[in-house]
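Protein chains in written order, with our numbering: chain A, 1 to 197; chain B, 1 to 308.
Hints listed in this document are in silico derivations from the structure and should not be mistaken for laboratory results.
No experiment lies behind these values; they were computed from the predicted model shown.
Check each hint, because a few of them may be wrong.
[What the hints assert, rightly or not] Stretch-level coverage of chain A by chain B, calculated; a stretch enters the list once three of its residues show a Cβ under 8 Å from a Cβ in chain B:
1. 88-96
2. 107-114
3. 125-138
[To be verified] Just a sample of chain B residues kept apart from chain A, beta carbon distances all over 10 Å, derived:
4. Glu-59
5. Glu-62
6. Val-69
7. Thr-75
8. Asp-97
9. Val-174
10. Pro-176
11. Pro-184
12. Ala-203
13. Pro-206
14. Asp-222
15. Thr-251
16. Val-265
17. Asn-272
18. Glu-294
Cβ atoms here follow ideal geometry from the backbone N, Cα and C, with glycine treated the same way.
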Amino acid sequence: MGLAWRSLPLGAACLILLGAAAAGDEAGGSGQAGTSAAEPPATEEPVAQPAATEPKPGAELEVPPPPFSEGIFPCSDCHADMEPNPKRRVLTEEHENIVLHHDEQHRWCLDCHGATDRDKLRLASGQLIPFSRSYLLCGQCHGDKLRDWRVGVHGKRTGYWNGKKRYLLCAHCHDPHQPAFKPIKPMPPPRPPAPPR
Amino acid sequence: MSSGEDPKQSRSAGMDRRAFLRAAAGAGLALAAAPALTGCDRQGRLGLPKHLKELTPEELEELLHDLEVRFKAQTGRDFKVGADTALPGVMFGYGLDLSRCIGCRRCVYACVQENNQSRDPQIHWITVLQMEQSKGIDLARSERYYDPDKVPLQDHFYMPVACMHCANAPCTKVCPVKATWQEPDGIVVIDADWCIGCRYCMAACPYGARHFNWAEPGVPADEWNTDTHVLGNRPRPVGVVEKCTFCIQRTRRGRYPACVEACPVGARKFGNLLDPDSEIRYVMRHKRVLVLKEELNTQPRFFYFYAT
Chain A
1 MGLAWRSLPL GAACLILLGA AAAGDEAGGS GQAGTSAAEP PATEEPVAQP AATEPKPGAE
61 LEVPPPPFSE GIFPCSDCHA DMEPNPKRRV LTEEHENIVL HHDEQHRWCL DCHGATDRDK
121 LRLASGQLIP FSRSYLLCGQ CHGDKLRDWR VGVHGKRTGY WNGKKRYLLC AHCHDPHQPA
181 FKPIKPMPPP RPPAPPR
Chain B
1 MSSGEDPKQS RSAGMDRRAF LRAAAGAGLA LAAAPALTGC DRQGRLGLPK HLKELTPEEL
61 EELLHDLEVR FKAQTGRDFK VGADTALPGV MFGYGLDLSR CIGCRRCVYA CVQENNQSRD
121 PQIHWITVLQ MEQSKGIDLA RSERYYDPDK VPLQDHFYMP VACMHCANAP CTKVCPVKAT
181 WQEPDGIVVI DADWCIGCRY CMAACPYGAR HFNWAEPGVP ADEWNTDTHV LGNRPRPVGV
241 VEKCTFCIQR TRRGRYPACV EACPVGARKF GNLLDPDSEI RYVMRHKRVL VLKEELNTQP
301 RFFYFYAT
């Protein structure tokens, strides 16, 4: 009972926090407009920056580039001249190595990949985002994980506990098409004590 | 443990204080002889050695230099022995996500490498326990020698255990020579040159977090981590107790402990308990948190939690 009451204001606080972050980004986002002006209308709109990229003063964060398969990006290298086919189907000529085990009954490629701009990801709203912000896509369903990730509790961070940190995108650990964490070989067990002589 | 070398016979020349105590007890040694047996940097009044905390900055500097010389002679490697003090306004806390840990033991071996633990005989500061989900946290039925092809095993979870850096640490209270104590930032440390190897602290620790060097530590010459702290990962002699120090040589310079950086699933969290914006404080505010053997009132600063 007490827990339920306590969690209510917490949830409210988080909403407020996200709202504030989004507002902050909109204000600062105008600077980027120049670079994206040449792009088609479906260009990236201002989106909420993760709290992770704007922590308290002095702390810095960096993120490695998205983990693309060798030679796959930019997608537009191949897709530039292709007419998008919005019909849901099994791919047979290319990308047939990708097996979707991620709510595959309800989704297929173009639910997450932009049809008009192949080098972008697509949110449920239709908004296109760069791969470097894929966490926004994941966070549409996994909002609790996104919230924890932003403060450094979900996922791995390295570097300095009181300073510059390096964090990872969701896709660095989870294959977006098969996100379940794969079992790995454990390191050797400790040696038991030798029997008495 | 595997080599049954007698610690008494293989104590290095550097173990001056224990040698002194033994000699003094056995032969009623004249105090005039003490300077020859004790390190010059540790002499106090009457020629008796001084506790680390009693050393002046100059004496400490001299001690660190002497240690570097000693380790060079022992290992052939150029060690850097630091003595960084606790950062002001910092109380370290640790979080481990039981819902994420997969029992891969990457942390165990990262710790061994970072902190110069003996490879043979083997010392691991971290013990990973495998338990059945249906039984919950049941130490009596936990398995530490698990070795399946792949982890995590179905229906099992994993609980790494190391020093809890208790706020009410039983181990520091039983030391007869004050060779172990809690630092202002919460790290429980051991002065390896002050420890007499009585192992009372090991008996007092309810977590099995302290380990004894039964033989001269065996570390291959090219595997020493030469960036060390005098209260942490400096090479230890035979016959002393050692333990996790939250990687004192790293964390006092702001870095994460080695186990945090080694964990492939991000289950390990570390930070300043006094900073309301730290990761560890977020964990304590928002997650289900538990400490091991809470009923003993050791008040660990190592918190297990469930993120999901």
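Here is what the structure says about each hint:
Under the rule that three or more residues need a Cβ within less than 8 Å of chain B, the assignment of the segment 88-96 of chain A is violated, with 0 such residues. Chain B is given as covering the segment 107-114 of chain A, and this is violated because 0 residues of the stretch bring a CB closer than 8 Å to a CB of that chain, at least three being needed. With 0 residues having a Cβ less than 8 Å from any Cβ of chain B, the segment 125-138 of chain A misses the three-residue criterion, and the hint is violated. Distance to chain A confirms B:Glu-59 as a non-interface residue, since its nearest Cβ pair spans about 30 Å, more than 10 Å.
For B:Glu-62, the requirement that its beta carbon stay farther than 10 Å from each beta carbon of chain A is met, with the minimum near 31 Å. With a cut of 10 Å on Cβ distances, B:Val-69 stays outside the contact zone with chain A, its closest approach being about 31 Å. The claim that B:Thr-75 is not at the interface with chain A holds, since no C-beta of that chain comes within 10 Å of its own (minimum 23 Å). The claim that B:Asp-97 is not at the interface with chain A is violated, since a C-beta of that chain comes within 10 Å of its own (minimum 8 Å).
Separation of B:Val-174 from chain A is adequate, the least Cβ-Cβ distance of about 23 Å exceeding the 10 Å criterion. Listed as a non-interface residue, B:Pro-176 keeps its Cβ farther than 10 Å from every Cβ of chain A; the least gap is roughly 26 Å. No Cβ of chain A comes within 10 Å of the Cβ of B:Pro-184; the nearest lies about 16 Å off, and the non-interface call holds. For B:Ala-203, the shortest C-beta to C-beta distance to chain A comes to about 17 Å, beyond the 10 Å cut-off, and the non-interface label holds.
Every C-beta of chain A lies more than 10 Å from that of B:Pro-206, the closest at about 19 Å, which supports listing it as non-interface. Non-interface call for B:Asp-222 relative to chain A: holds, since the shortest CB-CB distance, roughly 20 Å, exceeds 10 Å. Here B:Thr-251 does not stay apart from chain A, with its beta-carbon only about 7 Å from theirs, under the 10 Å limit. Separation of B:Val-265 from chain A is inadequate, the least Cβ-Cβ distance of about 7 Å not exceeding the 10 Å criterion.
At roughly 7 Å, the least C-beta separation between B:Asn-272 and chain A is not larger than 10 Å, which violates its mark as non-interface. The beta carbon of B:Glu-294 is kept farther than 10 Å from every beta carbon of chain A, the shortest such distance being approximately 19 Å.
Hints 1, 2, 3, 8, 15, 16 and 17, counting from the list given before, are not met by this structure.
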